[in-house]
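One line per chain: the protein sequences are A, B and C, in this order. Going left to right, the first sequence walks through residues 1 to 276 as the working numbering numbers them. Going left to right, the second sequence walks through residues 1001 to 1444 as the working numbering numbers them. Going left to right, the third sequence walks through residues 2001 to 2299 as the working numbering numbers them.
Honestly, the hints are just simulated from the structure, not real lab data. Quantities reported herein were computed from a predicted structural model and do not represent experimental measurements. Fair warning: there could be bad hints in the mix.
Unchecked claim - Reference listing, derived: stretches of chain B covered by chain C, where coverage requires no fewer than 3 residues with Cβ under 8 Å from a Cβ of chain C:
#1 1062 to 1070
#2 1121 to 1129
#3 1246 to 1258
#4 1420 to 1430
The C-beta atom is built at its ideal place from N, Cα and C for all residues, glycine as well.
Spelled out, the chains give:
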Amino acid sequence: MRSRVMMRKTGTHLILFVLGLSFLAPFVWMLLTSLKSLEEISSLPVTIFPKLVLWSNFSEVFNVIPFTDYFLNTLLITLLSVVGQLFSAPLVAYSITKIEWTGARWIFPIVIATMLIPYQVTMIPVYLIFQKMGLTGSIWPLVLPTFTGAPLYIFLLRQFFMALPTSLIHAAKIDGASDFRTYWNIVLPLSRPALTSVAIFTFLYTWSDFLGPLLYINDAARYTLTLGLQAFLAEHYTEWGLLMAASVMFTLPIVIMFFFAQKQFIEGISLTGIKG
Amino acid sequence: MMGILAAMVLAFTVTACGSGNDKATESSASASASQPASSSASESASPAKEKTTVSFWYLWGGPEGENVEKLIAEFNASQELYEVKGLSVPDVQKVVVGISSGDGPDITDNFSNNTASYAKKGMLEPLDEYIAKSNYDVSDFVPAALEGGKYQGKQYALPINVNFNLMFYNKKLFADAGIVDPPKTSDELLADAVKLTKVNANKTLEVLGFPDFPLIYYTTGMSMAFGGNFISDDDKTLTPDNPGTLEAIKLMQSYRNQFGVDNITKFNSSAKYLDATDPFIQGKQAIRIDGPWFGNTVKNVLKKDLDYGIAPLPGPAGHPELAGGGEVSSSTFFIPSNAKNKDGAWAFMSWLMSKENMTKFNVMFANLPARTSVYSDPSLQTIPDFQLFAEGAKSPNLKSFPVFDGQTEYGKIINDEFELAVNGKQSAEDAVKHMKDKSANLLK
Amino acid sequence: MRKNNFTGFAFASPWIIGFLVFTLYPLGASLYYGFTDFNVFQSPNFVGLDNYNELMKDDLFWKSVRNTLYLTVISTPLNLLFSLLTAMLLNSRIRGLSVYRTVYYIPTIIPLAATSLLWMWIMNAQFGLLNAFLGWLGLPQPNWLADPALSKLSLILMGLWSVGNIIIIFLASLQEVPQSLYESASIDGAGMLRKFTNITVPWISPIILFQLIMQIINNLQYFTQAYFVVSSTNLNQGASGGPENSLLVYAMYLYHNAFQYFKMGKASAMAWILFVMAGIITWVIFKSSKKWVTYGGGD
């Protein structure tokens, strides 16, 4: 009996380990390729470790594309979007969980329903709205919608607010605090973990977004990193070592952020999975 | 923390609302900021008198974009009236949408195959008046290239270059295979290609003998070289089912059947055009269809020592009168009909299209100028294979793809059916029949 | 308690504005554009059902429908099943859980752009790691992304690498299943399979339902990865759909119509077809879910 349990444990470990390796291998390959010369990459047989470690691929990226500009453009859009979601999503979530009003019943099902609308359905008219406003080509079409709250984050925060004890809010109300005071002084500080999750997911989503910038950014000098990578790829003189070096540099901020906020990542993900 | 956030939010919303109005100035400011070298050069040259701004969006990016900026700086320094601001927008779609929003450029470049569809939508300013008014000489332009900028009798765009391809061949591979002369006909091309091909032990290709890569240079180019024409002489019927296309498909099918479609697609998919893994540059492709920029990239950019020869594209067997054929297209410049500074745009266009500056431009891009009168200019001779291409440009058998507003769709239909046929998914006869059927309603 | 409509409305106003401007109006507008020949440059003319008729006769439209359905039908169950099995392995109270969890999760935070590039390189037919590996094992080395028959499967394989968040969600819900249920089932002599079908699945079925729907919706919008693969082979030829159009997914053809051909009317018609399709699929799944989803198991 005992040995059977042991065997099963070992089997589980073995599967998880091999699976883990195959999840890690692509990363390692990305790193190894980023250190290889073009000659090595384009010759057979395929080598695993670089014959000659070429750190210069990383500095070369700055010569081939304006990486710093793309990085700053992406960072600006991303930070503004995080601000936008942190401003709007908790307000809306609060209104449907902690305020007694007629709209509360209606908004939540609509929020859930809008999660099911594919981006492409509203894409063209929204594009035309921004075009009429003369905003295409600027970053505002990417940023302004975040100030109206994305359904997923409203949903996530609603789950969190529902779990907050109503007694706290009642107590504040009895002390004469307005709804806004209660929201600002009591609910938001208590919701720091959930807000962190919203910030992280917004960061992740915006940092990686491709279709949005593809639609709205014209000027090559204002490209985001995703657009820059795609342009780089489509350019004639493509070199995989450089592409992988650029990908590493593009991905690194997110991986660093992940290791600092691993707990919020995992908790936030779990929160979005909870049944509605 | 939250207070700061709220203040930021407020500030951002305010700037967001304000930015709608001054977006144009904002974006042009950023454009000049991104090109510090050129803008400082032009600023130092600007006199006290106000110059009007001409916004110029171009499709080139990277080092090519820097070349364009050099020319812009020269123009700005050359006169007192206009200040051209360049912006690299390397995506055709974005330029067109920019124009549609009324916030687009005063002048921009494009491929000649889009002119008709833009002109039909009313997007382009006719240039005939400007040409007449300034008595601008266009008599030495390659006629086919000029034609590509016309729609319903009006000139909507001017070509800066002429693009067409010749056959590049690797001399060492030819010598190894015991072939003395490059192939002149379709039969010789196939026979030579088979001899030149080297196969690995696992049936994959070591050396590709046929000009199979890149496929898009083969499709319509070889169809025309084999005497095909994609529109009837009276311009009323589309003729993708011409004998040239049929022969081009069959030839490639014969080659691919011999060595396996799979092996060839594997070879092609791992190759990247014009970089160090480009098979021709690595000595792994014996015959290549390509333009004048190709030799320039090999010799001047990648600095590879590659011994290649250049010959006209092979013609159909038994028709020597059709030799030297192929497809011509060009990069063109146009002024949108809603441009704000049309006179400035024309001033820049006519400057750029002058003999001197057109030559400079084409030296930078290793292309053939659209004006034949400059071909003896010494600076053009730095392009490795310039004279061979200049010679090739004289061939009466070069044709252009039909100019009409559905030509992009037409091209896509041809490419799609061609691909299916050479991948062994349909016969050549079926392919041209499908091309014909699917394009039946395009020419209304 | 008295209703507090003003405050509620004020708090919800950002979303209400957003809903009106970025969702409700666009839904109506794209419905309208779908019946016009709008091309951005000229004002729209009403053309009735022309766009819909044109689409029904358009081979590329049907090709894009088939491509997207293929991706959705294979990728959705595969991703869910793989995630669930992995989550169950992780849930067996093993040591090193947090390390495994991190390893499986990290690929999902990699931007799709980078993921696509990386996998295009791994799947390169001649110089890629995958074929080198298969070669060492003496297995055939397919032409992954360039073979029309394999290109979509390659993308599906690539997608399996990024299911970490589903694994985490399943793991979190599995951890909520009371151990006592399994223990009493063991006493009754239930095997692994019966515990799985009688306890695990019913307990987490609402989560499976939610993930199923979100996966389908996401797959119907599949775009970025295909766009990257196509743009590497396309030599500035504009509206390409990959080898034999095998990667011309629905969202890509819609994008081509809207922003390459400027057929906004036709693209809007496509958008509405997608909307209706997504609605029907979701509705059918919800209806059927009454048979297999158990509520009240958790909480």
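**Prompt:** Okay, which hints does this one fail, numbers in order?
**Reply:** 1 and 3
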